[in-house]
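**Student:** One letter stands for each residue in the lines below.
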Amino acid sequence: DQQVKQNSPSLSVQEGRISILNCDYTNSMFDYFLWYKKYPAEGPTFLISISSIKDKNEDGRFTVFLNKSAKHLSLHIVPSQPGDSAVYFCAAIPRAQKLVFGQGTRLTINP
Amino acid sequence: NAGVTQTPKFQVLKTGQSMTLQCAQDMNHEYMSWYRQDPGMGLRLIHYSVGAGITDQGEVPNGYNVSRSTTEDFPLRLLSAAPSQTSVYFCASSTGNQPQHFGDGTRLSIL
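From first to last, the protein sequence lines stand for chains A and B.
Read in the working numbering, the first sequence has 343 at position 32, and its numbers run on one by one without any break.
Read in the working numbering, the second sequence has 881 at position 38, and its numbers run on one by one without any break.
Possibly wrong hints are sitting among the right ones.
A few chain A positions that, by computed beta-carbon distances, are all more than 12 Å from chain B [stated by the list, open to error]:
1. Q313
2. V315
3. Q317
4. Q325
5. I329
6. G354
7. H383
8. K409
Simulated restraints on C-beta separations [as the list claims (entries may be wrong)]:
9. B/G883 / A/F357: 18 to 26 Å
10. B/D899 / A/P351: 26 to 34 Å
11. B/D899 / A/S363: 21 to 29 Å
12. A/Q392 / B/S861: 26 to 34 Å
13. A/G394 / B/F853: 21 to 29 Å
14. A/T356 / B/D881: 43 to 51 Å
15. A/P351 / B/S861: 23 to 31 Å
16. B/D881 / A/P405: 16 to 24 Å
17. B/A925 / A/N368: 38 to 46 Å
18. B/Q900 / A/S385: 42 to 50 Å
19. B/A845 / A/L322: 28 to 36 Å
20. B/F853 / A/Q392: 39 to 47 Å
Output of the computed footprint for chain B on chain A, the stretches with three or more beta carbons under 8 Å from beta carbons of chain B [said to hold, decoys possible]:
21. 356 to 370
22. 390 to 400
23. 412 to 420
Everything labelled a hint here was simulated from the structure, so no lab data went into it.
Note that CB positions come from ideal geometry on N, CA and C, so glycine has one too.
Looking at chain A on its own, in the form it has when it is part of the complex:
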């Protein structure tokens, strides 16, 4: 039973445009959400997070939106750059540190 789902295995966006990566979850006990970025042959690196008490968190070109009623979060990257091409994982925490990951979305930024 996949508690965190990323239904788009891949996404292709033109450089300079907005990339929107989506994530759905089923467990209403999740209270903290994170996005990780992963390049080939490397471990995931933390990108941005959001607490369930917020609906938006912004860090430079990256913004995460949380819709608790819909159990949905999204990551917006504006403007998209070629270096953003990677696999993005969303993750959720039901309690301290036990991350539950989605399946990942491979983002490709086309020049």
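Start from chain A and add chain B according to the hints.
**Tutor:** Just chain B now, kept in the frame of chain A:
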């Protein structure tokens, strides 16, 4: 600044062989964990530890053992390798409510 170091990076085993995947962190993090990444499955938690001498099971613990004798090290043991354990293994560490730092992974193939 080594962060989280995993060894080896690659390993091929025969079914039934035993092996230990090493993980070390130099950040004095109390929390360490092991994940496996499989295609279409995201990262799944195998075992985790909230401090030296304390370990607990994650989502997919069967076939794996762990121990945490020091804060720095968290080895993952496969006692009798099976083809189903072919995967990429990631170790992570964190402190408090900070996001987890990941190692670069160990790619393991069981023939």
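**Student:** Each hint: holds or not?
**Tutor:** Going down the list of hints, with the structure as the test:
In this structure A/Q313 is not separated from chain B by more than 12 Å, as the shortest Cβ-Cβ distance comes to only about 8 Å. Its beta-carbon lying about 7 Å from the closest one in chain B, A/V315 breaks the requirement of being farther than 12 Å from that chain. Not every Cβ of chain B is farther than 12 Å from the Cβ of A/Q317; the closest lies at roughly 8 Å, contradicting the non-interface assignment. At roughly 26 Å, the least C-beta separation between A/Q325 and chain B is larger than 12 Å, which holds for a residue marked as non-interface.
Consistency note on A/I329: stated as away from chain B, and its beta-carbon is indeed over 12 Å from all of that chain's, at 24 Å minimum. For A/G354, the condition that its CB be more than 12 Å from all CB atoms of chain B is violated, with the nearest at approximately 3 Å. Residue-level check passed: A/H383 sits 17 Å from the nearest beta carbon of chain B, beyond 12 Å. Once the 12 Å rule is applied to beta carbons, A/K409 is inconsistent with being away from chain B; the minimum gap is 6 Å.
Range check, B/G883 to A/F357: about 23 Å between beta-carbon atoms, so the 18 to 26 Å window is met. At about 31 Å, the beta-carbon gap between B/D899 and A/P351 stays in the expected band of 26 to 34 Å. Between B/D899 and A/S363 the C-beta distance comes to about 24 Å, which sits within the given range of 21 to 29 Å. The hinted window of 26 to 34 Å between A/Q392 and B/S861 is violated, with their beta carbons roughly 45 Å apart.
A hinted range of 21 to 29 Å holds for the C-beta pair A/G394 and B/F853, which are about 26 Å apart. Separated by about 20 Å at the C-beta atoms, A/T356 and B/D881 break the suggested range of 43 to 51 Å. Under the hint 23 to 31 Å, the C-beta atoms of A/P351 and B/S861, about 29 Å apart, fit the expected range. A hinted range of 16 to 24 Å holds for the C-beta pair B/D881 and A/P405, which are about 22 Å apart.
Checking the proposed 38 to 46 Å range against B/A925 and A/N368 shows it holds: the Cβ atoms sit about 41 Å from each other. Taking the beta carbon of each, B/Q900 and A/S385 are about 32 Å apart, not inside 42 to 50 Å as hinted. The hint said 28 to 36 Å for the Cβ distance between B/A845 and A/L322, and at roughly 33 Å that hint holds. Checking the proposed 39 to 47 Å range against B/F853 and A/Q392 shows it is violated: the Cβ atoms sit about 31 Å from each other.
Given a C-beta distance limit of less than 8 Å, the hint that chain B covers the region 356 to 370 of chain A holds, as 3 residues qualify and 3 suffice. For the region 390 to 400 of chain A, the stated coverage by chain B is violated: 1 residues have a C-beta nearer than 8 Å to a C-beta of that chain, whereas at least 3 were required. With 4 residues having a beta carbon nearer than 8 Å to a beta carbon of chain B, the region 412 to 420 of chain A meets the requirement of three or more and the stated coverage holds.
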